[in-house]
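One line per chain: the protein sequences are A and B, in this order.
The opening residue of the first sequence carries number 1 in my numbering; numbering runs sequentially from there.
The opening residue of the second sequence carries number 256 in my numbering; numbering runs sequentially from there.
Certain hints may be false.
What the hints assert, rightly or not - Computed list of lysine-lysine pairs in DSS-like fashion (alpha-carbon distance at most 30 Å, straight line):
no., chain 1, residue 1, chain 2, residue 2
1, B, 507, A, 254
2, B, 270, B, 346
3, B, 392, B, 507
4, B, 392, B, 346
5, B, 367, B, 387
6, B, 346, B, 387
7, A, 254, B, 387
8, B, 270, B, 367
9, A, 254, B, 392
10, B, 270, A, 254
Calculated directly from the structure, the hints in this document are not laboratory data.
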Amino acid sequence: MFPIKDDNPQVATPYAVYALLALNAVAWLLLQGAGSSPALGVSICQYGFIPANVTHASNALNTPEVCGLTAGPGWLAVLSSMFMHGSWMHVIGNLWFLWIFGDNVEDAMGSLRFVIFYLLCGVVAALAQMFSNPGSTIPMVGASGAIGGVMGAYIVLYPRVKVHLLFILVFIFTTFRVPAIAMLGYWIVIQVVGGMTSTGATGGTAFWAHIGGFLAGAILIWLFKDEELLENHPFRGWRQARNPIDIWDDPDNKA
Amino acid sequence: MNQLADRCVLRSMYKSDLHSVLEIIYQHDDDDGEAAEEELNDLGLEGHHVIVDGDTVLGATGYRPVEGCDQTYYLSWTYLTESARGQGLGKRMLREAMDELANQGARKIFVKVSDYQEDGVNIYGSALAMYKSFGFKEELISQDFYDEGESQTILGYYFDAGSESDDDLQVQEEKPVIRFNGLFEIAETEGAYSFAWTVEKTKGFLNKRNFDAQDVQVGLDAVRDEGGRKVFLTFPSNLVLIHRPLQATGFKYVGRLKDYYEAGLHELHFSHDLSSW
Ligand SMILES: CC(C)(COP(=O)(O)OP(=O)(O)OC[C@H]1O[C@@H](n2cnc3c(N)ncnc32)[C@H](O)[C@@H]1OP(=O)(O)O)[C@@H](O)C(=O)NCCC(=O)NCCS
Chain A
1 MFPIKDDNPQ VATPYAVYAL LALNAVAWLL LQGAGSSPAL GVSICQYGFI
51 PANVTHASNA LNTPEVCGLT AGPGWLAVLS SMFMHGSWMH VIGNLWFLWI
101 FGDNVEDAMG SLRFVIFYLL CGVVAALAQM FSNPGSTIPM VGASGAIGGV
151 MGAYIVLYPR VKVHLLFILV FIFTTFRVPA IAMLGYWIVI QVVGGMTSTG
201 ATGGTAFWAH IGGFLAGAIL IWLFKDEELL ENHPFRGWRQ ARNPIDIWDD
251 PDNKA
Chain B
256 MNQLADRCVL RSMYKSDLHS VLEIIYQHDD DDGEAAEEEL NDLGLEGHHV
306 IVDGDTVLGA TGYRPVEGCD QTYYLSWTYL TESARGQGLG KRMLREAMDE
356 LANQGARKIF VKVSDYQEDG VNIYGSALAM YKSFGFKEEL ISQDFYDEGE
406 SQTILGYYFD AGSESDDDLQ VQEEKPVIRF NGLFEIAETE GAYSFAWTVE
456 KTKGFLNKRN FDAQDVQVGL DAVRDEGGRK VFLTFPSNLV LIHRPLQATG
506 FKYVGRLKDY YEAGLHELHF SHDLSSW
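The shape of chain A in the complex, shown without the other chains (with noise of 0.2 Å):
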C-alpha cells in the first residue's frame, strides 16, 4: 500500500517543498556518499541525533554502543538528523510522501512558514524519541518526523481528498483511491501499534518520532495555518467547502 498521489489541486508553486527535497537529496549525494561505505555509517554517526548523547541517561534498554558517546553534534544533531537517511528505500521513501502531501499543506500557509513548520515537527519528532527511550544510543536520522508533522496536517486540513494507493498482490498491481483521513489514519495507527510492541532495543523505525511529529503536524497547523490561503483552496474541511462568491445566494445579501 503505497500512495501515488492525491487529488489535491496545487495553488501556489511550493518552492518550500522543492528546496527540502533537494536538501535532503545532496545531503543523501554528498554527505552521506549515497549510501556506500563508509561515508553512510560516518556520517549517520555525525549528524545523527543520539539521545544518550544530550540526556546522559542510563542506557536501560542496553541499546548497543553504535558510535561512541563523544559523537556526534549533541543537541544541533537534533536538526542535522533530519537531513540524514539510513538507506536508498529511506530517503526514496521519505521523499515521496513530502512530494505528495508536502505541496498543499505549505499552500495553506505559504512557503517561509512551511519551513518553520517542518523544522518544527522534526524537533518535536526527535524529542519524542528521545523521550521514549532517553537512554538510547542508536543514532537516529530521517526526514520521516517532520514528514509525520506534514501528514498530521494533511489530516486536518485536507481529510477528504482522495489519496490513490497502489497495491501489489504478487504481480497484480492496481490503485484504489482513499480518502485522506483513512490513508493517514491507518498509517498513524500502525506507528502506535509499531510504538507499543517494539522495544527499542534495534535499530529501525522510530515509531515514537513519527507519532511526536505527527501530533506536533495536527497542533501546530492551527497556528500556522493561514485561513485567507484556505479560502481558495476547493478541498479544504470536512464538508464541500462552500464557494465564497455563494454568500450572495442569500436573498438578504442581495440589493
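Keeping the supplied structure of chain A fixed, place chain B with the ligand upon it in accordance with the hints.
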C-alpha cells in the same frame, strides 16, 4: 421622410462637430450635456461618429474600449436631434457603429441607461427600446444610482452570440493583494461614491492579504462624512477574498456584467445604502 434617411451618412466625429453634438445633448438634458462635454474633451473623439445631412449634424454615437479587458466596449453618447427621431436613424447609426466594432474584433459591448423621469415620462425610454430592439439584454439594475429614485440599467450585447460563456473562470492562483487607496463621487451621480483600489503583486510576511471588514468600514465612514448616499463597488468575479468583508459591512449584491473582462470572467457589482443605517 425616407429621403432624409437616404441623404444621411455616418462619419467620424471631428473637433469641429463638437459644438453641434453638445448642443443636441444639452437639449435633451443639461446634466448629460455637461458630463458629455467634460468626457469628450478629456478622452477625445476616437471611436465617435456623427450622422449628418449635408453639413447639418443630426446626431452622434460612439464607443470606448474598456481598459484591461479583452475586446470589451462601452457605448458612448448616442443622441439624435429631436426632429430626426422616430425614423429609424437611431438604429441605423447604432448598426453602422457596431458593424465597425465587429470588424475590429469586438467581443462585447455594454450600455448604461438611466430611468430618469421628467414630468412623469422616462426620457431615456426610447433609447432603452432601441437597445433592446437591437439585441441588447438587460444585465443589472443599480437602484438609486444617479440619485435617489433614479436607477441605472446596464445592458450588454455579444457581437457573436456563441461567445457567451457557460462556465465561470475559476482562477485559483488569483490571490492579489487588494488595497483601497481613495474614494470618489461617481461621475454623473449625486452622492454615489466608490472606492479606488490598487492591486499589489506581493504581500509582506505579516501583512494582510486582502482588505478586511475594518478597511471597508473606514471607507464607508469617510463617504458618510462627505455626505454620500450610497457606495457602489465592482470587482472581477475570480477574487475569493473580497466577499466576506463586503457582506460583513452590509454590502448587497447588485448583479454582474457577464463576461466583462473576458469569457468567463465577470464584473460583480455591489452596493451599500448609507441612508438605511
Ligand atoms: C435613442 C434615440 C437615438 C433613438 O433614435 P430613433 O431614431 O428615434 O430610433 P429608431 O427610429 O431607430 O428606433 C429604434 C427602435 O427603438 C424603438 N423605439 C424608438 N423610440 C421608441 C419609443 N419612444 N417607444 C418605444 N419604442 C421606441 C423603435 O420602434 C425601433 O424598434 P424596431 O426597430 O424594433 O421597430 C433617440 O430617441 C434619442 O436621441 N433619444 C434621446 C437621447 C437618449 O436617450 N440617448 C441615449 C442615452 S443612453
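**OP:** Could you tell me which of the numbered hints above are not met by this structure, giving the numbers in increasing order?
**Re:** Number 10 - this is the single hint that the structure violates.
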